[in-house]
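Q: Here the protein sequences line up with chains A and B, keeping their order.
Residue 1 is where the first sequence starts when you use the numbering used here, and the numbers rise one by one after that.
Residue 426 is where the second sequence starts when you use the numbering used here, and the numbers rise one by one after that.
Keep in mind the hints are simulated off the structure, nothing from the lab.
All values reported here derive from a predicted model rather than from experimental measurement.
No residue lacks a Cβ here, since even glycine has one placed at the ideal position from N, Cα and C.
Worth double-checking, as some hints may not be accurate.
Simulated coverage check for chain A against chain B, where a stretch passes if three residues somewhere in it have a Cβ under 8 Å from a Cβ of chain B [stated by the list, open to error]: (1) 18-29; (2) 112-122; (3) 255-263; (4) 310-318; (5) 393-405.
Heads up, simulated SDA-like pairs for lysine to any residue below, C-alpha to C-alpha not over 25 Å straight-line [claimed, not checked]: (6) LYS229(A) - ILE462(B); (7) LYS702(B) - THR486(B); (8) LYS203(A) - ILE462(B); (9) LYS728(B) - TRP698(B); (10) LYS229(A) - LYS720(B); (11) LYS205(A) - THR471(B); (12) LYS720(B) - TRP705(B); (13) LYS728(B) - ARG20(A); (14) LYS203(A) - TYR831(B); (15) LYS728(B) - ILE26(A); (16) LYS203(A) - ILE827(B); (17) LYS205(A) - TYR721(B); (18) LYS835(B) - TYR204(A); (19) LYS229(A) - THR515(B); (20) LYS203(A) - LYS720(B); (21) LYS21(A) - ILE90(A); (22) LYS229(A) - GLY759(B).
Single-letter residue listing:
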Amino acid sequence: MTSATQTIEHKRIYEISPSRKLAMGIAELLIALVILFGFVLNSAPGTLTRFVMTPGGIDVGTMGDWIIPTRSTLIALLIITTAIGIYQLIRGFGRATNGMIGLCGLFLIFGFLTWQAGGTSVNLAGMLASAVLLAVPITLGAFSGVLSERAGVVNIAIEGMMLMGSMFGALIGSITNSTWIGLLAAILSGMLLSLLHAVLSIKYKINQIISGTVINIFSAGMTAFISQKYLQTNQALNNPPLFPRIPIPGLANIPLLGPILFNTNVFVYLMFILLVVIQVALFSTRWGLRLRSVGEHPRAADTLGIDVIKTRYVAVILSGLVAGLAGGFFTLGSVGRFNEGMTAGKGFIGLAAMIFGNWRPLGAIGAGFLFGFADAIGSKLSLLGSVIPPQIMAMAPYVITMIVLAGFIGKGDMPAADGEPYDKE
Amino acid sequence: MKREPKKLEEAGNVLLQEVNEPGDEHSAPKRSLWNVIAIPVLAIVTGLIIGAILIAATSTTVYAAFGESFGQGLSTALNEISTAYQALFTGSIGDPGRIISALGSGDERAIRSAFNPFLESLVQATPYIFAGLAVALGFRSGLFNIGVEGQLFIGAACATFVGYAITGLPTIIHMPLAFLAGALGGALWGFIPGLLKATTGGHEVINTIMMNWIAFRLTEWLLSGPMNRPGAAGMPISPLIEESAQIPQFFQTPIRFHLGFFIALGVAWLVWWLLFKTKWGLNLRTVGANPRAAKYAGLNVAKSYMLGMAISGALAGMAGGVQILAVNRSMALGLSSGYGFDSIALALIGNNHPLGVVLASILFGTLRNGATRMMVVSRIPIDIVDVLQAIILMFVAAPAIIRGIYRLRKPKHEEETVFVSGWGGGQS
Numbered sequence: 001m002t003s004a005t006q007t008i009e010h011k012r013i014y015e016i017s018p019s020r021k022l023a024m025g026i027a028e029l030l031i032a033l034v035i036l037f038g039f040v041l042n043s044a045p046g047t048l049t050r051f052v053m054t055p056g057g058i059d060v061g062t063m064g065d066w067i068i069p070t071r072s073t074l075i076a077l078l079i080i081t082t083a084i085g086i087y088q089l090i091r092g093f094g095r096a097t098n099g100m101i102g103l104c105g106l107f108l109i110f111g112f113l114t115w116q117a118g119g120t121s122v123n124l125a126g127m128l129a130s131a132v133l134l135a136v137p138i139t140l141g142a143f144s145g146v147l148s149e150r151a152g153v154v155n156i157a158i159e160g161m162m163l164m165g166s167m168f169g170a171l172i173g174s175i176t177n178s179t180w181i182g183l184l185a186a187i188l189s190g191m192l193l194s195l196l197h198a199v200l201s202i203k204y205k206i207n208q209i210i211s212g213t214v215i216n217i218f219s220a221g222m223t224a225f226i227s228q229k230y231l232q233t234n235q236a237l238n239n240p241p242l243f244p245r246i247p248i249p250g251l252a253n254i255p256l257l258g259p260i261l262f263n264t265n266v267f268v269y270l271m272f273i274l275l276v277v278i279q280v281a282l283f284s285t286r287w288g289l290r291l292r293s294v295g296e297h298p299r300a301a302d303t304l305g306i307d308v309i310k311t312r313y314v315a316v317i318l319s320g321l322v323a324g325l326a327g328g329f330f331t332l333g334s335v336g337r338f339n340e341g342m343t344a345g346k347g348f349i350g351l352a353a354m355i356f357g358n359w360r361p362l363g364a365i366g367a368g369f370l371f372g373f374a375d376a377i378g379s380k381l382s383l384l385g386s387v388i389p390p391q392i393m394a395m396a397p398y399v400i401t402m403i404v405l406a407g408f409i410g411k412g413d414m415p416a417a418d419g420e421p422y423d424k425e
Numbered sequence: 426m427k428r429e430p431k432k433l434e435e436a437g438n439v440l441l442q443e444v445n446e447p448g449d450e451h452s453a454p455k456r457s458l459w460n461v462i463a464i465p466v467l468a469i470v471t472g473l474i475i476g477a478i479l480i481a482a483t484s485t486t487v488y489a490a491f492g493e494s495f496g497q498g499l500s501t502a503l504n505e506i507s508t509a510y511q512a513l514f515t516g517s518i519g520d521p522g523r524i525i526s527a528l529g530s531g532d533e534r535a536i537r538s539a540f541n542p543f544l545e546s547l548v549q550a551t552p553y554i555f556a557g558l559a560v561a562l563g564f565r566s567g568l569f570n571i572g573v574e575g576q577l578f579i580g581a582a583c584a585t586f587v588g589y590a591i592t593g594l595p596t597i598i599h600m601p602l603a604f605l606a607g608a609l610g611g612a613l614w615g616f617i618p619g620l621l622k623a624t625t626g627g628h629e630v631i632n633t634i635m636m637n638w639i640a641f642r643l644t645e646w647l648l649s650g651p652m653n654r655p656g657a658a659g660m661p662i663s664p665l666i667e668e669s670a671q672i673p674q675f676f677q678t679p680i681r682f683h684l685g686f687f688i689a690l691g692v693a694w695l696v697w698w699l700l701f702k703t704k705w706g707l708n709l710r711t712v713g714a715n716p717r718a719a720k721y722a723g724l725n726v727a728k729s730y731m732l733g734m735a736i737s738g739a740l741a742g743m744a745g746g747v748q749i750l751a752v753n754r755s756m757a758l759g760l761s762s763g764y765g766f767d768s769i770a771l772a773l774i775g776n777n778h779p780l781g782v783v784l785a786s787i788l789f790g791t792l793r794n795g796a797t798r799m800m801v802v803s804r805i806p807i808d809i810v811d812v813l814q815a816i817i818l819m820f821v822a823a824p825a826i827i828r829g830i831y832r833l834r835k836p837k838h839e840e841e842t843v844f845v846s847g848w849g850g851g852q853s
């Protein structure tokens with residue numbers, strides 16, 4: 001199978017289009033302008049910002065507060081962002097372009113926090129901890145997308161699979177009073193829906209986006225139907241147990257990182273385990289090579305004896321498994337009950353994270369954290385009594401998604417046969 | 426884009442028309458009516474059968490009856506289903522007995538109220554027509570507009586604002602003005618993803634979904650902030666629109682049948698004319714069918730995408746506008762019950778043709794209206810309509826399943842109308 005191997009392992013030349021280079025440079029300079037006019041010029045000299053570095057309710061891995069001068073910090077951020085923007089316009093960062101716009105976004109957020117909390121304090125660690133939790137469904141959604149799209153099947157039904165997973169997780173979790181059986185039900189319901197997606201898009205070759213839409217409408221209707229028929233009339237059916245916070249011995253005592261990453265929800269650990277598993281399976285095993293070859297050039301893969309249809313079925317069903325798991329997070333890992341439409345577009349943002357993360361697990365988790373952080377900021381700031389209305393802050397993840405996607409699609413490592421049904425002649 | 430020599434462009438257009446419309450009215454033999462409607466009709470019938478199974482399977486009385494004996498269970502199940510579907514029918518079309526006796530009595534009020542269920546179905550169908558046209562026009566232009574919901578919200582907000590903020594205008598000016606404001610708002614909301622697709626290649630599927638969420642948050646803020654009704658005590662609701670901005674209803678309350686339905690029919694005709702009888706429409710469809718070939722023929726693909734998304738958004742905005750101006754008369758958050766996703770099903774069931782969309786919309790309006798009564802009579806949640814719509818959409822999109830069930834033969838020429846595929850789709 002040399003030729004297929006060569007096609008895939010051939011390192012793509014990473015090109016950033018001139019318009020994207022320009023757009024990103026301008027975006028970075030705009031961020032610098034916001035930092036200058038929004039924060040630097042609006043801050044009084046001599047004020048201090050206090051960041052609390054231990055999330056609330058934690059007694060291991062504590063850390064002292066971090067106090068910084070407000071204005072000097074903002075000026076430092078301004079200088080670095082401006083430098084990045086100018087370098088981007090003149091030379092360009094090439095491969096690092098996405099990372100740099102992400103970094104500037106982080107600076108903007110950090111600068112905003114520093115400015116907002118000038119003279120008072122803000123619990124940065126608590127915010128980071130909630131950002132990690134908010135990143136979980138987005139990252140898992142992105143993993144789900146990576147699995148099926150690497151095999152050439154676009155899966156926009158992740159949202160619907162998540163919703164169904166969260167509903168069945170709550171229902172079965174409540175009936176059995178077991179978090180793990182509830183989670184199993186969530187995963188199974190995601191897998192069943194993905195089987196439908198596979199049959200429709202692989203066997204019947206209907207447009208994969210239409211097939212995904214069918215599943216999204218079906219899930220929205222079905223979960224609302226079951227919820228109104230059973231969950232709302234009988235509260236005992238919508239009262240699942242929650243996964244407790246599990247500290248990892250030793251690691252949980254690390255200051256700052258311990259409370260955020262190692263004394264948290266089991267879903268966060270599962271997310272990291274999946275990161276390693278998917279990364280290794282896709283990029284370091286024979287199985288993964290075959291799966292990717294099906295996504296890149298199904299005809300060549302078929303000629304070399306790979307069962308394209310079977311490979312795609314497996315990939316889509318694994319995708320549903322991960323999406324169902326992500327659904328379980330909502331009811332069993334976060335909220336503790338099912339509400340209609342509770343996934344609120346997280347599945348679609350997960351898809352955007354997958355695209356932004358270049359169809360790679362590591363990139364996906366990075367993008368997932370970015371979106372999670374944007375989300376956490378939004379909810380935190382409404383508590384801080386910010387001048388910006390909470391509804392406007394809540395737009396942030398969606399606006400950021402659109403900005404980072406501009407010009408990116410079709411230029412990264414997208415599988416070449418993504419979205420195309422395979423016709424075995 | 427550099428303009429190609431005029432002659433070449435024309436030659437390209439003619440060639441493309443030949444390539445893209447082999448099955449058009451003049452060139453191919455007319456397909457029989459049954460060939461056109463067989464799949465949608467059988468899809469709807471099959472959807473209703475599956476819905477019936479769902480009704481029986483989620484009914485506790487049916488399980489109790491099956492516990493006694495099989496025959497008892499079966500008859501209870503059939504009974505439940507017929508009660509539910511009877512309610513669906515009388516709630517959406519009307520009670521035949523009542524209609525006949527009302528007609529016999531000659532009492533005008535009785536006749537009106539006997540026909541009200543059907544008129545109410547048309548009221549429900551009105552925003553569907555606009556929303557379905559929006560998606561259909563998008564598909565024809567090679568665009569998958571999942572953002573109808575957001576465009577509808579923004580359109581509604583704009584129509585509401587013009588409806589209450591401007592006072593002292595005569596109806597003949599104020600009403601069209603408010604309606605057009607809705608169309609403009611939707612057009613703007615649709616234009617943004619179109620612009621992003623045309624200039625940066627950002628896929629409209631993700632971008633329109635993101636625009637949906639931004640629209641929800643924006644209207645939430647508008648309704649609880651700048652557009653809040655004075656004295657609403659924190660409730661996110663707008664002031665009532667002026668009487669001069671209202672689209673008139675034909676009869677006294679509770680009959681809500683209004684002029685908007687006929688406006689919708691007019692707009693449907695306009696969309697048909699635009700798509701199939703003008704050069705603009707030909708350009709849109711040519712780009713939609715094959716952007717690469719269209720580019721070589723000298724068409725401006727970027728412009729076509731922007732125009733397509735803007736018109737699609739405008740139609741969606743009209744859906745929001747008509748609902749506000751004719752029915753709700755003020756805007757609250759629960760404006761839409763998922764028109765955005767339903768409209769995708771409408772466009773596909775209607776084969777992306779304006780007439781098909783109108784018929785499919787009347788069907789969906791009827792279903793949703795009847796489901797309200799079904800909820801009252803049989804306590805079946807109204808969301809069963811979404812489940813039915815998903816199933817119908819699935820069968821329409823995968824005709825092979827329907828042909829398999831009913832042993833139909835495959836037609837020689839099958840029209841392909843949806844051209845959106847992977848994330849690179851539309852990149853030329």
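Q: Are the hints correct? Go through all of them and say.
A: Hint check:
no., hint, verdict
1, 18-29, "holds (count 3)"
2, 112-122, "violated (count 0)"
3, 255-263, "violated (count 0)"
4, 310-318, "violated (count 0)"
5, 393-405, "holds (count 7)"
6, LYS229(A) - ILE462(B), "violated (34 Å)"
7, LYS702(B) - THR486(B), "violated (56 Å)"
8, LYS203(A) - ILE462(B), "holds (24 Å)"
9, LYS728(B) - TRP698(B), "holds (20 Å)"
10, LYS229(A) - LYS720(B), "violated (53 Å)"
11, LYS205(A) - THR471(B), "holds (20 Å)"
12, LYS720(B) - TRP705(B), "holds (15 Å)"
13, LYS728(B) - ARG20(A), "holds (20 Å)"
14, LYS203(A) - TYR831(B), "holds (18 Å)"
15, LYS728(B) - ILE26(A), "holds (24 Å)"
16, LYS203(A) - ILE827(B), "holds (14 Å)"
17, LYS205(A) - TYR721(B), "violated (29 Å)"
18, LYS835(B) - TYR204(A), "holds (14 Å)"
19, LYS229(A) - THR515(B), "holds (23 Å)"
20, LYS203(A) - LYS720(B), "violated (33 Å)"
21, LYS21(A) - ILE90(A), "holds (9 Å)"
22, LYS229(A) - GLY759(B), "holds (21 Å)"
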